[in-house]
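> Chain B: place on chain A using the hints.
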Amino acid sequence: MTLHMFDRLSVADRPVAPLRVAASVPPLAVEVRHLSKRYGGGGRGGMIYDLLAGRRASAPEPGGFWALDDVSFTVPQGGVMGIIGRNGSGKTTLMRILSRITAPTKGEARVRGRVGALLEIGSGFHPELTGRENIDFSGAILGMTQAEAREAVDAIIDFAEITDFLNTPVKHYSIGMYMRLAFAVSAHIRNEVLLLDEILAVGDERFQDKCRHRIKQLCGEGRTVLIISHTSALLEETCDSLLVLDKGKVAFHGDPYAGIDFYHRDILRLAPGGRLGADGRPYRASIKVGRVRGWRRARQG
Amino acid sequence: MSPVVLGGAAPSDVTVIIPGGPGPLPWLAEAWRTRRIALMLARRSLKARYRQTWLGAGWAILQPLLLMVVYWGIFGRLLGVPTGGDIPYPVFAFTGLVLWQFFSRALTDASASILHQAHFVTKVYFPRVHMPLASLMVAAVDAAAGLVCLVVLLAVFQIWPQARWLLLLGPLALLLVTGAGAALFLSALVLRFRDVGHLLPLTTQVLMVAAPVIYPARMIPGALGTLYRLNPMVTVIEGARAALLGTPAPDALPAAVSVVLALGLLFLGLRLVRRTEPAMADLI
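Chain order of the listed sequences is A and B. The opening position of the first sequence corresponds to residue 0 in numbering that gives the first Met the number 0, with each subsequent residue numbered one higher. The opening position of the second sequence corresponds to residue 0 in numbering that gives the first Met the number 0, with each subsequent residue numbered one higher.
For reference, chain A alone in the conformation it holds in the complex (with noise of 0.2 angstroms):
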């Protein structure tokens, strides 16, 4: 008796995130429960007998790594989130669950509407076909409707800056006009979930800047977007709540503002104003070393 009431606490009525109180809460439009994702294994060398026995393809294999390990959040519908952390603490695995390229290992996620992402620049071209081939091919992957495209085409094109290129095939074209016509593909999807990677802003000055103020734009659409970033600016500019993660985990969630003082101080480890020690180290030093942190004040001071 007792025990099942700890199971059902335990799994199903844990809470996740604490809810906005609002006079009319939106509908959620990403729903993240326990969401885990493990990653390599040697494996058991038992391939035949695993298909055979129908084992599930997704199931852990021993060895390996928890990329992602019990994470948990809610985003609700028009809601923009940011999304930080050091590499390799899984944001771009939380991402690749969301958008369905890998499945996750355990928990579950719920996402209403389309979801575009634009994570990999280029995820649809191939580089013998043309300009406009491509965007109506990378369209189409990227979820657009035939509608969306034919709508799309004329911004995109514009976006891109690459008129004259059009009827081009790819492979001929230069890396930075590559990576704007990608950029400006992925950032005409109209869906309502919107998966992004900042990483896309590219080329020249001039074009980041016009990445980053279409990025902007993107969010504040009232669409939901989920969006990883290394700016504070931008994060602190366009989200309303902020996800940090820290080796697969949720490290904070909540007050951008708060969230990056946080991410700066205690997963950085950043001295105040943000950058490294005069070493190139981080101004704070792990617990571990201790000792060490108390060699580098006394050599600074």
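Honestly, I wouldn't trust all of these hints.
Claimed, not checked - Straight line, CA to CA, 30 angstroms or less: simulated DSBU-like cross-link-like pairs of lysine-lysine:
1) B:Lys122 / A:Lys170
2) B:Lys46 / B:Lys122
3) B:Lys122 / A:Lys215
4) B:Lys122 / A:Lys246
5) B:Lys122 / A:Lys209
6) A:Lys248 / B:Lys122
Claimed, not checked - Ranges between beta-carbon positions, derived for each pair:
7) A:Arg85 / B:Thr52: 58 to 64 angstroms
8) B:Leu61 / A:Phe64: 48 to 54 angstroms
9) A:Thr167 / B:Gly57: 24 to 30 angstroms
10) B:Leu198 / A:Asp153: 45 to 51 angstroms
11) A:Thr167 / B:Leu252: 58 to 64 angstroms
12) A:Asp163 / B:Val147: 35 to 41 angstroms
To be verified - Derived contacts from chain A toward chain B, CB cut-off under 7 angstroms, selection only:
13) Ile100
14) Ala102
15) Pro103
16) Ala108
17) Glu127
No lab work stands behind these hints, which were simulated from the structure alone. These numbers were taken from a predicted model, which means no experiment stands behind them. Even glycine gets a Cβ: it sits at the ideal position worked out from N, Cα and C.
Positioned in the frame of chain A, the structure of chain B alone reads:
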């Protein structure tokens, strides 16, 4: 016509993302809803394939034609393989070769379609089943060109279209089911066992000898012959010859069993792709 929604759900639909991926019915429904992707993938590879070739799409016809000439020389003239009745060896062999080429493309090209498009699998989501299906469509376009060519060849040998030719639709449908089954099954299997990729060229050669491509099925008699006739490709090729050339139709019972086997293969292929899909990006 309402716009076809690509790459996912309708605006108000809730997509549930769980470890095993969607169940069989939602999976099929999504594949159907996004079917335009398969068409676009096929169109893309057709467009890209013959760029920078001098002969262009002519290759689709030239390959089986040249093969036919070679086999005609060896089996028709040199070894004198009987075709049954007064059917000229070139049309006899070309019928078999056009159909066989489709199946062999399903075994080799379509089975590698997911593996060789890793850039899609690891970067963007759409139902993976569209990749082998698009490969099959490309092979089907080639086969259609080959069939047109066959009609011309038949005319050269004074064999003219007649009502009986409509029966060709049966063998062609069975060919599609068999090809799709093999392509789907292998395209998912090869992700787990790359060995399959190494085995396939040899297997295709052996299977070609095990089907009546360049010789008539009548040449295999007895109990072995009955077993032989359970092969769907035997039913396809002998059935097509019966429709086009008026050779004896394949025996009903083994043919019926071969149809069931082909449908079983298609079912297994769909199932394996669905089951493998959640892990594909990790396996590549």
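> If a hint holds in the structure, say so; if it doesn't, say that too.
How the hints compare with the structure:
no.: 1; hint: B:Lys122 / A:Lys170; in the structure: 19 angstroms, holds
no.: 2; hint: B:Lys46 / B:Lys122; in the structure: 23 angstroms, holds
no.: 3; hint: B:Lys122 / A:Lys215; in the structure: 23 angstroms, holds
no.: 4; hint: B:Lys122 / A:Lys246; in the structure: 22 angstroms, holds
no.: 5; hint: B:Lys122 / A:Lys209; in the structure: 24 angstroms, holds
no.: 6; hint: A:Lys248 / B:Lys122; in the structure: 23 angstroms, holds
no.: 7; hint: A:Arg85 / B:Thr52: 58 to 64 angstroms; in the structure: 49 angstroms, violated
no.: 8; hint: B:Leu61 / A:Phe64: 48 to 54 angstroms; in the structure: 53 angstroms, holds
no.: 9; hint: A:Thr167 / B:Gly57: 24 to 30 angstroms; in the structure: 26 angstroms, holds
no.: 10; hint: B:Leu198 / A:Asp153: 45 to 51 angstroms; in the structure: 50 angstroms, holds
no.: 11; hint: A:Thr167 / B:Leu252: 58 to 64 angstroms; in the structure: 59 angstroms, holds
no.: 12; hint: A:Asp163 / B:Val147: 35 to 41 angstroms; in the structure: 40 angstroms, holds
no.: 13; hint: Ile100; in the structure: 5 angstroms, holds
no.: 14; hint: Ala102; in the structure: 3 angstroms, holds
no.: 15; hint: Pro103; in the structure: 6 angstroms, holds
no.: 16; hint: Ala108; in the structure: 4 angstroms, holds
no.: 17; hint: Glu127; in the structure: 4 angstroms, holds
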